[in-house]
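Student: Given the structure of chain A, go ahead and fit chain B onto it with the hints provided.
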Amino acid sequence: MKEERVFSFSNRWFVFSAGGTFLVAALAILVGFVWLPSEHSDFTANGLWGAICSAAGAPSSWYKGGDIVTDAPPSKVIVLPPLSEPRVDAVSSGRGATLATQRCSMCHGVQSPAGITAPALAGQFADSIYKELRDFHGGARENAIMQPIIANLSDQDMHDVAEYYSSQPRVEPTPAADAQDDGARMLAMQGAPMRNIAPCAACHGVLDRKGAAPWIGGQAASYLATQMRSFADGSRHNDIDEQMRNVARQLRPEEIDSLAKYYAAQQ
Amino acid sequence: MFHAKRLVLAHFWLAFVAFFVALLLGAWQMLVRSPLMSWVGNPEHYYRSVTAHGTVMGYVLPTLVAMGFGYAICELALKQRLIGLKWAWAALILLAVGAVMAMVPVAMGRASVLFTFYPPMIGNVFYYLGVVLVVVGSWIWVALMHVNLRAWKRANPGKPIPLAMFANVAGAYLWAWTAVGAALEILFQILPVALGLKSTIDAGLARVLFSWTLHAIVYFWLIPAYIAYYTLVPRAIGGRLYSDSMARISFVMFLVFAMPIGIHHLFADPQVGAGFKFVHSVFTAMVSVPTLLTVFTICASVEIAGRLRGGKGLFGWLKALPWSNPMMLVLALSFVMLGFGGAGGLINMSYQLNSTIHNTQWVTGHFHLIFGGAIVIMYFAIAYELWPQLTGRTPGSAKLIRTQLWLWFIGMIILTFPWHYVGLLGAPRRMAYYDYSNPAIAPEAIWVTASAIGGFVLVISGALFVYILAKTQFGSASSEEEAPAPFTFATCAYPVEHVPVALNSFRLWVTLMIALTVVNYSVPIVQLLRLPQTSVPAVYVGAPR
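Residue numbers (this note's numbering), protein chains in the order written: chain A, 1 to 267; chain B, 1 to 545.
A couple of the hints might just be wrong.
A few chain B residues facing chain A, derived, Cβ under 10 Å [said to hold, decoys possible]:
#1 E44
#2 M253
#3 P270
#4 G273
#5 G275
#6 K277
#7 F283
#8 N348
#9 S350
#10 T394
#11 G396
#12 A502
#13 A515
#14 V523
#15 Q527
Source of the hints: derived by calculation from the structure; they are not laboratory data.
Beta carbons are placed, not taken as given, at the ideal position from N, Cα and C, and that holds for glycine.
Isolated chain A (complex conformation) (with noise of 0.2 Å):
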C-alpha cells in the first residue's frame, strides 16, 4: 500500500490542522495587534505602523524635547554592588597599609581597636569604608577629629585605605554575659513591621547586604548606641534617603542599647 502524503492538499488533515491554526493565529494576530490597540490612544499616537509596533514591545518615547536638561549636576560617587568574591588589590591594599599606619590605626588599630569610641575597620566592607571617608571629607559627616585628618587624602587614597582594611581579619568579639538578648535578636533578624523597622540584618548582613551599609558585628556597645542616638536626633544624617534615621527614630532608648550588646558580642 502507498502511504498517503501528509504535506498535500489533497490530505484533509494537513489543510484543517494547518489550516485552522494559521486562521486562529491570523485571528488573534488582527485582535491583539490591529484592533484592540485602536480602542487607546497611548498606542494610536503614531498612526498604524506605530500601533502595531507598540503592541509588539518596541520601546518608543512620548518625550519631544531636546536631549540637553538643565539641572544640578549627578553625584560622580558610583559605588558598585558588592561582588560575589571580593578580589583584594595587592598593590592599593599596600598603598593603604601606610596611610592607615600614619592615620589611622592610632584609634581605628590594625587588628583591633585602640579605643572604644572610633569604630573597629578590620574586615569591614571596603564600599562602607569608602562612603564614611568620602562624608567626612565632603562635611555630610560631622566629626572634630576625623575631617581634619583625612582633610589632603584623595579619592586614590581613599580607596586604598578602603581597600586595605577591608582585607584585614575581623576583630574577634568580646562575650557579654547578656548578649543573648531574644528582643534584641528578633529586632536585628525580623525588624518590627507594624513600627516600620526593618531588620538590621537586611543591609548589614547575614540577611543580606545593601551597598555602603557597614559590618556592625563585634563594633564596642558604648560606639553603636551613640550612632544610633545621634541617627535618632539628627546629628549623624550621611546615611542615604534617612534609611538608618527612620528606624533609628522608631526605636525606644532601651532597645537601642540592647542591640547595641546584641551586635557587639556578633563575630
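Tutor: Below, chain B without anything else, positioned relative to chain A:
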C-alpha cells in the same frame, strides 16, 4: 515486560523517594508561614526549602515518572525489547548525578533561586549544571523513544501505532522542544554569570526564554496522567475506550498548542508587548480544547463500563460503576481536581482577569491542585498498575490504596482551596513570612492555618503510598496471593484497523509546533536581543555578606 523491569523500577523508586523528601519540605514550609508557628527567623532557610521542593517536584519527579513509564510503554505496548537499554541506564545515572549536584548547593544555601531561576538572582554554578544534567538525561530518553518507535514502524509498516506509544512519543517530542527555552537561558545567560565571566544579565530576556519552557513543561508532566486516563483506566474498570481518534487528536493538539503560550506567565512584565500577550492568551485558550476532549472521551468510556455492568437510564450507569476499584476512584478524584484547577486556570490565562490574581497565592493553589492533585494522583495510579508487572507481586489491600488516594484528595483540597481564597484576598506568593497581627492580613490567618493542616494530610498520604509500594515489593508473600495477570492496555469500543497517516505520525504536528513557536516567540526574543542597555547587575545568592 522483557528486560526493562529493573530500569523502570529504578526510575520509579528514585522519583518517589525524592518526592517524599520534597513533600516533607513542602509541609514544613506551610507550617512556618502559618500562624501556628512563630516565623522561621531567617527567610533564607524558607527559600532554600522552596527551591529544593520546586526542583524535585518540578524537574526530578515528573521527568523520572515520564521516563520510567515511557520505557515500560515501549515494551508493553510495542511488544518488543527496549532498544538502547545501556543508554537508558546512562540517562538515569546522569539524572541522579544531576539531582544530587543541584541539591548540594541548594542545601548549603548557595542556590536559593527557586526552581524557576529568577535572574538576576544567580546561585552556585553547580545548581545549574545539575539541572542541565537532568535535562540532558531526559533528552537521551527522548532519543530512545524516537528510536524505539522507528524500529517498530519498520517492523510493522502501515499498522497503527499503539495509542499509549503514540501519546508517549508526543510527550517526548513536546519535552525536547520545550526544554530548548530554558536550555538557551541557562547556557547563554545564566552560566556565564554564574561562572563569573559576566556580572550583568538581561533578566527580561531570561524571563521570556524561561516562559518558553515554563508552560509546556506542565503538559509534559501531564502526558503520563493522560496516557493513564486513555489506556489504563477503561481497561481497569471493565470499559472500552470510546474513541481512539479523539485520543490521538488530543495528544497532537497538546503538541501543537502547549508550547507557544508561555507569555501568559508574563502578563505583568513590561518588556513584552501587549499584542503578544493577547496572542498567547488566545492560544492558551486553545490548549483547553484537548483537555475538554479528554474529559468527554473518558466520561464516555466510563459510561460504556457502567452500561456493560448493567447500568440503565440517564444516570443509572453511574451507580453501576465499580467504585471500590482504586482505578475508578482515582479517575473520579483526579477529574474533580482537574475540573476545579482547570476553571481556575481559565482565570489565570485570560489577559484581563489575570490582573486580579497575578503573583498571589491563588497561582500557587492553582498549580498544586492541577499538578500536585490531578496529575500526581494519576502517577500513584500508574505505579499501582505497573507494580505487579515490575515486581511480580500484587498490592495486597485495595482498601489501603483507596484510603491513600482519598487522603491525597482531601489533603489537596484542604491545602489548595484556602490558598485560592487568600490569593483573592491579596496574599502574595513566595513570601517567607506574613505579619498576621496586621489588621489587613489578619483575616487570612485562619485559612492559612487550614491549608497547613492540608499539607500534613498529604504527608500521611505520601508516606502511605511509599509504604504500600515497599510492602508489595519487599513484604512476605501471603499464600492466597495470585500471580499478576499479563498486562494489557484498554481496548477501543471499535477496533482500530486503520488510522489516517496524519494521526499515525508526527511530521505535521511537530512542524506546526515549531512554526507556531516561531510566530509567537521570534519577535519578542529578537527585539529584546537588539535592545541596548537591558542588562542589570546580577544578585549573587549566598555570596559572603
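Student: Confirm or reject each hint.
Tutor: Hint by hint, here is what the structure shows:
1. E44: holds (7 Å)
2. M253: holds (9 Å)
3. P270: holds (9 Å)
4. G273: Holds. Min distance 3 Å.
5. G275: Holds - the Cβ of G275 (chain B) comes within 10 Å of chain A, reaching about 3 Å at its closest.
6. K277: This hint holds: K277 (chain B) lies near chain A, its Cβ roughly 8 Å from the closest one there, short of 10 Å.
7. F283: Holds: closest Cβ of chain A sits about 7 Å from F283 (chain B), inside 10 Å.
8. N348: Status violated, d = 18 Å.
9. S350: The hint is violated - S350 (chain B) has no Cβ within 10 Å of chain A, the shortest such distance being about 13 Å.
10. T394: With Cβ-Cβ at 42 Å, over 10 Å, it is violated.
11. G396: violated (47 Å)
12. A502: holds (3 Å)
13. A515: Because about 8 Å separates A515 (chain B) from the closest Cβ in chain A, which is inside the 10 Å limit, the hint holds.
14. V523: holds (6 Å)
15. Q527: holds (6 Å)
Of the numbered hints stated above, those contradicted by the structure are hints 8, 9, 10, 11, listed in ascending order.
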